[in-house]
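Participant: One-letter residues, chain by chain:
Protein chains: 2
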Amino acid sequence: MASKGRPGRSADDERKGRSRTPEGRRLAVDERRAQLLELGLELFAATTYDELSIDAIARAAGISKGLLYHYFPSKRDYYVATVRVAAERLLAATEAASADLDAPPLVLLERGLDAYLDFVERHGQAYAALLRSGIGSDPEILELVDGTRSALAGRIAARIGVDEGDALAHTALRGWIGFVEVTSLEWQRRRDLGRERLRELMAAMLLAALLAAGVDLGELAGA
Amino acid sequence: MASKGRPGRSADDERKGRSRTPEGRRLAVDERRAQLLELGLELFAATTYDELSIDAIARAAGISKGLLYHYFPSKRDYYVATVRVAAERLLAATEAASADLDAPPLVLLERGLDAYLDFVERHGQAYAALLRSGIGSDPEILELVDGTRSALAGRIAARIGVDEGDALAHTALRGWIGFVEVTSLEWQRRRDLGRERLRELMAAMLLAALLAAGVDLGELAGA
DNA sequence: AGCAGCTATTGAACTTGAGTCAATAGCTGG
DNA sequence: CCAGCTATTGACTCAAGTTCAATAGCTGCT
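Chains A and B are the protein sequences, given in the same order. Numbers 1272 to 1494, taken from this note's numbering, label the letters of the first sequence in order. Numbers 1272 to 1494, taken from this note's numbering, label the letters of the second sequence in order.
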């Protein structure tokens, strides 16, 4: 262990993209932490968890790897903290939109959904990353899972004869697949719902989805 | 590079859990590959992607790390191949159940859903892993994302006055959240659907979900 | 039967990236 | 202006994925 340490921005810094917060060093703890979280929100939205190395994060923040570990005990923790911020913001945004007054419930619903969609539009990438439930999400895997959903939805669409270009109907079908997946997981976890009931719920929701999308259900009802 | 190689099961093998396929070595390519995929299905269902090391896989298969790399170019590829098998089986199972005859569509729907639920019941863990869209899925992150969903669903449930113990209603609400998430992603990706339309679809589906779950909508319709 | 060649299989070495730690530099109050 | 606290650093450790030349076990041919 010979000559070590050279904190601070002497000599040849600034050379490799470490340009953020140019004033440089020794921020107050809270500021640094906030800065890192904000940065994490950006970075994790743009890149996958494990494509983003600690070194890259540190470089982007203009600090050393060690310092990052001073603020977050591990890369995971850093990531989790980041996602937590995103989740809090999503909840806050929708809360603010719908909790305020005592307007008619349907109006509140409309406002809440609007706030939600605003969030999606604004933080597109981050939102998607959030829903992917994090870490990893190999593109190939996503494609596979997505392909499976498409196959299921497409099968039904074909059977019913949904028009290929009917965006609303296709979105509704995809959404229904989402409904089926989530309720399946929920059903599996809590064991308090009969399988029959669940199946009926799913079937009813498919009809509702098609109906809401304006699909002609004549064929379904018929033979 | 001095004295190397000692393929085969001489001496002290069998000692560390390398007991699978006891006959041992030099399987035909297809058999090995099939064996490894089947094993992967088990292992990845039980453990997270990155909690499962290549060494652990090799040990469980009773082969060397190198051989695994002979069959799959990387850990990722191995994982992807495994998920692909699962997806194929899911599609095949539902296909078989619903494609056969030309019975009434509603009956086919029922059969298809039954097949789906069978799959979920049988491969519970693997199914969940598949839907988590793979790699990673840190438990803390899952809890966070799940908590966010719960918060959203709970907010609505409270507003409407859903009974705390009403499993069907809660499942339906959770499912609706899934619907909202999936359609949001879809809306964001394909740009062919108006925001208004999407919001209306979501709202209609919430009512449908509550209705299907037998919740009294009197309050919603009223002031 | 025995040998030759093909290839499944191995073990060790290489590489990369996460996590650790003692040393140092920059504030801040006395 | 110095002393002490702490934000910050850079090199080191370690685990896990990946590579590769060497080897052993089949398989068919003579």
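Please note: incorrect hints may appear among the correct ones.
Derived lysine to aspartate or glutamate pairs resembling EDC-like cross-links, with alpha carbons at most 20 angstroms apart [stated by the list, open to error]:
#1 Lys1346/A x Glu1309/B
#2 Lys1346/B x Glu1414/A
#3 Lys1346/B x Asp1321/A
#4 Lys1336/B x Glu1366/B
#5 Lys1336/B x Glu1359/B
#6 Lys1346/B x Glu1411/A
#7 Lys1346/A x Asp1321/B
Think of the hints as simulated: they come from the structure by calculation, not from any bench. All values derive from a computational prediction rather than experimental measurement.
Participant: Take the hints in turn and mark each one as holding or not.
Facilitator: Status of each hint after checking the structure:
no. : hint                  : verdict
1   : Lys1346/A x Glu1309/B : 32 angstroms, violated
2   : Lys1346/B x Glu1414/A : 18 angstroms, holds
3   : Lys1346/B x Asp1321/A : 14 angstroms, holds
4   : Lys1336/B x Glu1366/B : 37 angstroms, violated
5   : Lys1336/B x Glu1359/B : 27 angstroms, violated
6   : Lys1346/B x Glu1411/A : 13 angstroms, holds
7   : Lys1346/A x Asp1321/B : 14 angstroms, holds
The earlier numbered hints that this structure contradicts are 1, 4, 5.
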